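Here the working numbering is used: the first residue of the sequence shown is 8, the next is one more, and so on.
Watch out, some of these pointers could steer you wrong.
Stated by the list, open to error - Restricting the straight-line Cα-Cα distance to at most 27 Å, the calculated cross-link-like pairs of lysine-lysine (DSS-like) are: (1) Lys59 x Lys18; (2) Lys51 x Lys100; (3) Lys59 x Lys92; (4) Lys18 x Lys51.
As the list claims (entries may be wrong) - Derived CB-CB ranges, DEER-like: (5) Ser63 x Ala88: 14 to 22 Å; (6) Asn72 x Leu36: 24 to 32 Å; (7) Asp154 x Gly106: 25 to 33 Å.
Calculated from the structure, these hints are not laboratory results.
All of these numbers come straight from a predicted model, not from anything done at the bench.
All C-beta atoms, glycine included, are put in the ideal place defined by N, C-alpha and C.
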Amino acid sequence: MPINVNPLPPKPVITAGGLTTFCEGDSVLLTSSDAVGYLWSDGKNTKNIYAKSSGSYTVNVTDANGCTSDESDPVNITTIAGPAKPVITVTGKTEFCEGESTILTSSDGDAYIWSNGETTKTITVQSTGNYSLIVINEYGCQSEQSDPFTVTENPLPVKP
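Using the sequences and the hints, build the whole thing.
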């Protein structure tokens with residue numbers, strides 16, 4: 008009786024569905040070339056996986072004969088931390104009379120998005136409200152939102 012020796016399936020190829028360097032909290036879809044079975048370096052066994060953390064990802068595939076391929080070339084994933092939660096400091100008073108103002112300043116970042124739509128590190132506030140912001144680093148990663156900072160504008164007394 009002849010013995011059949013089945014060839015190994017070809018080494019799989021991983022395709023990234025986006026950038027392999029991204030901000031923490033994001034992910035990229037990694038797809039293996041076609042096969043019957045899959046075993047990724049993170050233990051998953053599907054054709055597609057979402058890589059969410061830094062590391063080197065590889066896959067082995069299995070064909071219909073139960074033969075397992077050599078390991079794919081690695082795809083390296085790099086996640087970048089967002090900036091620290093910003094801190095707001097005040098120059099002036101947080102409670103002032105109508106017509107006055109105060110200045111709020113963010114801790115360092117590469118870009119700023121204030122709750123009132125301003126996009127500078129320092130803003131001049133002339134009305135009552137809660138002000139907070141998100142800072143963005145050079146890679147486009149966002150911080151968590153700052154704690155709100157309350158400013159109160161008091162009306163002027165009635166003219167005697």
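Results for each hint:
For the hint pairing Lys59 with Lys18, the CA-to-CA distance comes to about 24 Å; that is within 27 Å, so the pair holds. Only pairs whose Cα atoms come within 27 Å are accepted, and Lys51 paired with Lys100 is rejected, the gap being roughly 56 Å. Between Lys59 and Lys92, the direct Cα distance comes to roughly 21 Å. Compliance with the 27 Å bound is thereby established for this hinted pair. The straight-line distance between the Cα atoms of Lys18 and Lys51 is roughly 18 Å, inside the 27 Å bound, and the hint therefore holds.
A hinted range of 14 to 22 Å holds for the C-beta pair Ser63 and Ala88, which are about 19 Å apart. Taken as a hint, the range 24 to 32 Å holds for the pair Asn72 and Leu36, whose Cβ atoms sit roughly 28 Å apart. With their beta carbons about 28 Å apart, Asp154 and Gly106 fall inside the hinted range of 25 to 33 Å.
Violation of the numbered hints given earlier is confined to hint 2; every other hint is satisfied by the structure.
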